[in-house]
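There are 2 protein chains.
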Amino acid sequence: MKYNSITPQIVDELKQIVGERNVIYDDIEAMEAYSHDEVAEKHYAHMPDVVLKPTSAEQISKIVKLANKYKIPVTPRGAGSGLSGGAVPICGGIVLSVEKMNKILEIDTQNLMAVVEPGVVTNEINNVVKEYGLYYAGYPMSVETCYVGGNVAENAGGGKAIKYGVTARYIMGLEMVTPEGDIITLGGKRVKDVTGYNLLHLMVGSEGTLGIFTKIIVKLQPMPVATADLLVLFNSVKEAIDIVPIIMTNGKIIPTSIEFMDELSFKTSCEYLNEKLPYQSAKAMLLIELDGDNMDIIESQYETIGELCMQNGAIEVYVADNATTIERVWRIRRNVAEAWKLVSPHQSLEDIVVPISEIPTFMDRLAELQTKYNVSIPCYGHAGDGNLHVTPVKDPEWSLDKWYDTLNKLLPEMYKIVANLGGTISGEHGIGHKRKPYMPLVLKDTEIELMKRIKKAFDPNMILNPGKLFDID
Amino acid sequence: MKYNSITPQIVDELKQIVGERNVIYDDIEAMEAYSHDEVAEKHYAHMPDVVLKPTSAEQISKIVKLANKYKIPVTPRGAGSGLSGGAVPICGGIVLSVEKMNKILEIDTQNLMAVVEPGVVTNEINNVVKEYGLYYAGYPMSVETCYVGGNVAENAGGGKAIKYGVTARYIMGLEMVTPEGDIITLGGKRVKDVTGYNLLHLMVGSEGTLGIFTKIIVKLQPMPVATADLLVLFNSVKEAIDIVPIIMTNGKIIPTSIEFMDELSFKTSCEYLNEKLPYQSAKAMLLIELDGDNMDIIESQYETIGELCMQNGAIEVYVADNATTIERVWRIRRNVAEAWKLVSPHQSLEDIVVPISEIPTFMDRLAELQTKYNVSIPCYGHAGDGNLHVTPVKDPEWSLDKWYDTLNKLLPEMYKIVANLGGTISGEHGIGHKRKPYMPLVLKDTEIELMKRIKKAFDPNMILNPGKLFDID
Numbered sequence: 001m002k003y004n005s006i007t008p009q010i011v012d013e014l015k016q017i018v019g020e021r022n023v024i025y026d027d028i029e030a031m032e033a034y035s036h037d038e039v040a041e042k043h044y045a046h047m048p049d050v051v052l053k054p055t056s057a058e059q060i061s062k063i064v065k066l067a068n069k070y071k072i073p074v075t076p077r078g079a080g081s082g083l084s085g086g087a088v089p090i091c092g093g094i095v096l097s098v099e100k101m102n103k104i105l106e107i108d109t110q111n112l113m114a115v116v117e118p119g120v121v122t123n124e125i126n127n128v129v130k131e132y133g134l135y136y137a138g139y140p141m142s143v144e145t146c147y148v149g150g151n152v153a154e155n156a157g158g159g160k161a162i163k164y165g166v167t168a169r170y171i172m173g174l175e176m177v178t179p180e181g182d183i184i185t186l187g188g189k190r191v192k193d194v195t196g197y198n199l200l201h202l203m204v205g206s207e208g209t210l211g212i213f214t215k216i217i218v219k220l221q222p223m224p225v226a227t228a229d230l231l232v233l234f235n236s237v238k239e240a241i242d243i244v245p246i247i248m249t250n251g252k253i254i255p256t257s258i259e260f261m262d263e264l265s266f267k268t269s270c271e272y273l274n275e276k277l278p279y280q281s282a283k284a285m286l287l288i289e290l291d292g293d294n295m296d297i298i299e300s301q302y303e304t305i306g307e308l309c310m311q312n313g314a315i316e317v318y319v320a321d322n323a324t325t326i327e328r329v330w331r332i333r334r335n336v337a338e339a340w341k342l343v344s345p346h347q348s349l350e351d352i353v354v355p356i357s358e359i360p361t362f363m364d365r366l367a368e369l370q371t372k373y374n375v376s377i378p379c380y381g382h383a384g385d386g387n388l389h390v391t392p393v394k395d396p397e398w399s400l401d402k403w404y405d406t407l408n409k410l411l412p413e414m415y416k417i418v419a420n421l422g423g424t425i426s427g428e429h430g431i432g433h434k435r436k437p438y439m440p441l442v443l444k445d446t447e448i449e450l451m452k453r454i455k456k457a458f459d460p461n462m463i464l465n466p467g468k469l470f471d472i473d
Numbered sequence: 001m002k003y004n005s006i007t008p009q010i011v012d013e014l015k016q017i018v019g020e021r022n023v024i025y026d027d028i029e030a031m032e033a034y035s036h037d038e039v040a041e042k043h044y045a046h047m048p049d050v051v052l053k054p055t056s057a058e059q060i061s062k063i064v065k066l067a068n069k070y071k072i073p074v075t076p077r078g079a080g081s082g083l084s085g086g087a088v089p090i091c092g093g094i095v096l097s098v099e100k101m102n103k104i105l106e107i108d109t110q111n112l113m114a115v116v117e118p119g120v121v122t123n124e125i126n127n128v129v130k131e132y133g134l135y136y137a138g139y140p141m142s143v144e145t146c147y148v149g150g151n152v153a154e155n156a157g158g159g160k161a162i163k164y165g166v167t168a169r170y171i172m173g174l175e176m177v178t179p180e181g182d183i184i185t186l187g188g189k190r191v192k193d194v195t196g197y198n199l200l201h202l203m204v205g206s207e208g209t210l211g212i213f214t215k216i217i218v219k220l221q222p223m224p225v226a227t228a229d230l231l232v233l234f235n236s237v238k239e240a241i242d243i244v245p246i247i248m249t250n251g252k253i254i255p256t257s258i259e260f261m262d263e264l265s266f267k268t269s270c271e272y273l274n275e276k277l278p279y280q281s282a283k284a285m286l287l288i289e290l291d292g293d294n295m296d297i298i299e300s301q302y303e304t305i306g307e308l309c310m311q312n313g314a315i316e317v318y319v320a321d322n323a324t325t326i327e328r329v330w331r332i333r334r335n336v337a338e339a340w341k342l343v344s345p346h347q348s349l350e351d352i353v354v355p356i357s358e359i360p361t362f363m364d365r366l367a368e369l370q371t372k373y374n375v376s377i378p379c380y381g382h383a384g385d386g387n388l389h390v391t392p393v394k395d396p397e398w399s400l401d402k403w404y405d406t407l408n409k410l411l412p413e414m415y416k417i418v419a420n421l422g423g424t425i426s427g428e429h430g431i432g433h434k435r436k437p438y439m440p441l442v443l444k445d446t447e448i449e450l451m452k453r454i455k456k457a458f459d460p461n462m463i464l465n466p467g468k469l470f471d472i473d
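So the protein lines, in turn, are chains A and B.
Numbering-wise (UniProt numbering), the first sequence opens with residue 1 and increments by one.
Numbering-wise (UniProt numbering), the second sequence opens with residue 1 and increments by one.
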């Protein structure tokens with residue numbers, strides 16, 4: 001695709017739309033923050049030509065119409081906490097930041113929904129609705145920094161998907177601007193809707209390529225008031241994973257989350273935290289969270305799960321049922337990535353998914369890859385969803401060239417293993433441009449072709465976030 | 001669109017694909033069953049030219065490729081239990097029945113999923129998985145006759161959506177034949193997946209216009225073992241509906257279902273059943289179901305709900321907590337339509353959705369419509385979802401001409417009311433061709449245009465179930 005450059009005259013037109021103070025232009029330092037997301041590697045970054053901070057759907061509509069007129073790419077951006085380069089303007093042009101559209105517009109306690117702007121920080125919803133005894137269950141791990149708009153664009157997952165599902169389940173309606181600049185409304189305050197194709201959920205996870213969200217209706221539910229966590233040590237990955245379906249079938253309990261850490265992950269994190277738990281002999285660790293509205297039930301559930309774990313080869317079960325102990329076990333999980341950053345800042349945080357039953361086989365194959373390529377690959381993540389953050393880490397002794405060369409061989413080999421096990425390359429971080437080269441490893445040509453046709457149908461001028469997911473000529 | 005006719009030579013080619021005994025041709029009597037669904041009115045029916053009963057994805061792929069070559073429409077069909085004409089071949093051509101693809105292929109107790117063919121009767125899944133303590137929560141009211149394939153095509157809802165969601169939540173993967181005849185796979189045994197656009201959930205609810213499903217992966221969950229139902233009588237619709245969010249917020253309980261019946265509905269049904277409950281003074285009735293894995297919890301929940309109902313103006317609360325009493329209360333709900341058929345076989349079973357909080361306003365407006373058009377309009381359905389089966393019934397004294405003439409004025413007026421309240425025209429029955437003329441009343445031109453573009457992108461020759469949802473020239 002050939003795009004036109006932004007001229008000072010076009011910038012003047014953009015200033016007319018959003019106001020001068022909502023435009024960043026000709027200011028490299030201020031624009032740098034909009035050139036990347038949380039992907040560490042610098043070569044995934046790209047500078048925008050101009051950054052806009054619109055405050056309404058009408059302004060966004062005008063911007064998009066103008067971009068179509070002049071053939072200039074528009075890349076929508078939330079908090080920039082993404083992990084696939086989705087918000088990076090790889091073709092230059094306009095970065096459209098929703099940071100000023102950050103209002104919670106309505107808490108509807110009758111219909112148990114909230115209406116929010118895309119720039120609201122996800123956790124802010126829960127801060128506001130808790131006084132009504134309500135709860136928003138969309139819960140990416142970056143909940144304290146990410147925006148709801150970005151959650152919708154990426155169909156964010158997180159640690160609680162096993163019980164609560166991912167973001168899509170809670171998105172009831174969207175007001176959005178189409179790639180041609182029209183303002184439309186999909187869904188609404190309706191629990192059921194089969195009036196035409198499900199455009200609403202086609203938008204969820206479309207990574208800013210099919211529309212820019214301007215209002216989001218999210219579902220709320222009664223807030224759980226009782227919580228407990230179990231930290232369980234196992235002798236093997238297989239024993240740790242085998243317990244997952246047993247908890248749900250024999251135990252008849254759907255935990256809020258079942259987080260998995262392999263030996264490399266939890267040992268590095270425990271050492272980093274100077275944790276005193278006797279983790280040395282363990283080969284795998286599960287962190288199992290329960291929530292509900294009655295502590296008696298939670299206690300009976302964690303006793304059941306504890307017994308099941310011990311019957312199935314667990315070394316030890318620790319129960320955390322108050323804020324202090326819960327924080328202690330969760331910080332082991334939360335600090336894995338941080339601990340590994342001390343080993344090397346060069347990591348490739350991956351996001352594979354396999355059927356839960358295939359996790360042990362996958363871990364065996366991953367061990368072979370570690371040996372073959374002589375690379376440390378800690379692996380942790382959401383065992384209850386089969387969603388693992390496999391994270392090859394650069395040996396500090398290696399040159400960057402050697403590292404990238406190795407990674408370029410290791411990743412496709414790993415993705416092929418994942419595909420053969422019935423898995424896929426991204427569970428919650430998205431494709432963006434970081435994983436674009438790998439999508440053909442897990443999807444058929446016909447499947448990608450149908451996606452490209454949808455893109456062309458929505459965005460004939462290829463204005464919106466071009467170069468993401470796939471290339472179109 | 002211009003389509004070609006089926007010739008005896010094309011029928012021979014089709015026999016080559018599926019075998020002679022899986023073709024019905026030139027047999028009006030045998031084909032009649034494939035000319036309609038459960039929509040009562042005869043003018044929504046249309047005869048096919050040929051009926052095929054393929055047994056594999058490969059056969060369906062060949063049929064669809066041949067249909068593209070000769071430009072012949074293909075209308076996929078499940079059990080024919082639909083309520084919008086979705087499976088009716090309104091352009092003639094081929095009806096492709098999946099009735100012979102009726103095998104449960106796999107029960108995967110590790111990943112808590114089942115793999116089924118599209119012609120499996122929905123309830124059959126539960127009959128088979130219950131011995132593993134598992135449960136499929138997709139639950140349309142026609143669960144004992146409908147097919148899973150049809151449930152996916154229509155994104156079937158039902159009475160349990162308030163707790164369990166609709167069919168879409170349980171569809172993890174699809175093998176399907178595209179409108180051009182390619183066999184593709186969407187999703188899989190994966191709880192999370194953001195690898196490209198969400199084609200999987202675009203297919204759910206696409207009413208047989210974007211693909212023909214050949215294998216379906218459904219999610220299972222632990223089977224609830226305790227159940228109870230409350231039948232609650234109210235003095236007014238408003239009091240009955242106001243209790244719905246109170247149960248969820250103050251009570252912190254999400255019931256399995258909250259079914260609503262207005263006075264016209266339950267009185268006709270109770271008279272039909274010779275029911276002795278003192279329903280005479282009531283103006284509205286709720287049927288509230290609870291399920292879980294512990295009868296003590298269920299008891300405490302129904303006590304809480306009972307108290308909340310009495311505090312909020314209920315006349316009386318009946319608890320049904322054994323098979324006999326549960327059956328007694330549910331048969332009142334199940335027999336509403338049957339009871340009204342005795343008044344007149346001519347009914348228009350509608351399927352509107354409004355925000356739950358708007359149900360009382362909607363009921364007031366519906367009362368005005370009854371007076372204005374002098375038509376009885378019983379109203380019942382899924383209050384917890386705001387999904388109401390408004391059912392205008394023909395006065396036995398009226399001529400059919402007068403009836404249809406009235407209906408053609410009444411329905412658009414009702415749909416406009418629904419749209420103004422933030423609702424839509426179908427919650428679970430779909431658009432098909434029955435509601436096609438009304439979709440523009442609730443969707444903007446741009447929204448319908450995007451749907452048409454998706455249809456064209458998937459089906460350039462307009463082969464698959466043409467004339468449904470919208471017309472394309």
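Watch out, some of these pointers could steer you wrong.
Using 16 angstroms as the maximum straight-line C-alpha spacing, the simulated EDC-like pairs for lysine to aspartate or glutamate come out as follows [unchecked claim]:
#1 B:K283 to B:E239
#2 B:K444 to A:E32
#3 A:K444 to B:E180
#4 A:K444 to B:E449
#5 A:K252 to B:E239
#6 A:K456 to B:E449
#7 A:K444 to B:D12
#8 A:K215 to A:E106
#9 B:K69 to B:E131
#10 B:K252 to A:E180
#11 B:K444 to A:D291
#12 B:K456 to A:E175
#13 A:K42 to A:D26
#14 A:K252 to B:E449
#15 A:K402 to A:E106
#16 A:K252 to B:E131
#17 B:K444 to A:E106
#18 B:K252 to A:D291
For the record, the hints were derived by calculation from the structure and aren't laboratory data.
Kindly indicate which numbered hints from before are broken by the structure, ordering the numbers from low to high.
Hints 2, 4, 5, 7, 9, 10, 11, 12, 13, 14, 15 and 17 are the ones this structure does not satisfy, whereas the remaining hints hold.
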